[in-house]
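Quick note: the sequence shown, position 26, residue 26 per this note's numbering, numbers continuous.
Worth flagging that the hints you see were computed from the coordinates, not collected in a lab.
A quick note: this is a predicted structure, and the numbers were derived from the prediction, not measured.
Don't be surprised by glycine CBs; every beta carbon is placed ideally from N, CA and C.
Do not take every clue at face value.
With beta-carbon atoms standing in for the labels, derived distance ranges [to be verified]:
| # | residue 1 | residue 2 | range |
| --- | --- | --- | --- |
| 1 | Ala-139 | Ala-208 | 14 to 24 Å |
| 2 | Ala-129 | Asp-234 | 39 to 49 Å |
| 3 | Gln-209 | Arg-59 | 47 to 57 Å |
| 4 | Ala-24 | Ser-56 | 17 to 27 Å |
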Amino acid sequence: MSNRLTSEIPGPGPGFRGVPQIVAALEDEIVSGRWQAGVRLPSERVLAERFEVARSAIREALRILQERQLIVTAGGRGTFVREFQPALGAGTAEQLARSGLVTAKDLMAARAVLEPAAAALAARNRSTADLRRLHELVARFDTALIPEAADVDLEFHTAIVEATGNPVLQVMFASIRTLAHAMMARSLSDPRVVGADLHDVLCDRIAAQDEEGARAAMLAHIQAAESFYGADLDRPLADVLRGRADLEPGLASILKELSQPPA
């Protein structure tokens, strides 16, 4: 494969404003796979002409992409697309999902590690205000219709993580929050999946400060839908969400947020 970029360079397009749009356009080329690892980016001059901006704006956009571990500059040779290395901070969870590198099973496994531990810590540290919020969200979920139910479900899981009082766990959950939201929407679109009763159990265990009970209840909640996914578990998450969006118009906007390939 050639290490030179041959695909069309994205132009400014309607409503173009500056560096954030340049970053988004170039990032989409990388995340989508149209610009593959090892290819050389066009020069600053070429990019500046294409985007109709000063070269300083291009330099700033490239600096941001380099901070995100998406590109690397080799002295005297140019700037190249870098291979995704998630463990080194390359790309967000959403970018990895759109690129096809994340399966439904990957996300479920990550949540099964993170959220049961968060539920146990929430049971230890929860405040009266935390419990009140959790019970309010359970009541809202019981009466919510699609697509609001997915939003309330996400708020419930976020509230549990916030009840831990641990900012590191909160940041970790935030990094997969959008993906979790989409998967909640996918699960709620399956009539065989029921989560309301498990919400009640989680609230009860957290209220009782039963750490191991809360841990077990959260794990059971996350795994409730797994047996219904079938072949979807091993498919790229973006494909799973896109297919479900076609079947469930009420949830299409949530599901397509991550499943749509960059334009």
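Hint by hint, here is what the structure shows:
{"no.": "1", "hint": "Ala-139 / Ala-208: 14 to 24 Å", "verdict": "holds, 19 Å"}
{"no.": "2", "hint": "Ala-129 / Asp-234: 39 to 49 Å", "verdict": "holds, 41 Å"}
{"no.": "3", "hint": "Gln-209 / Arg-59: 47 to 57 Å", "verdict": "holds, 54 Å"}
{"no.": "4", "hint": "Ala-24 / Ser-56: 17 to 27 Å", "verdict": "holds, 18 Å"}
Checked against the numbered hints above, the structure violates none of them.
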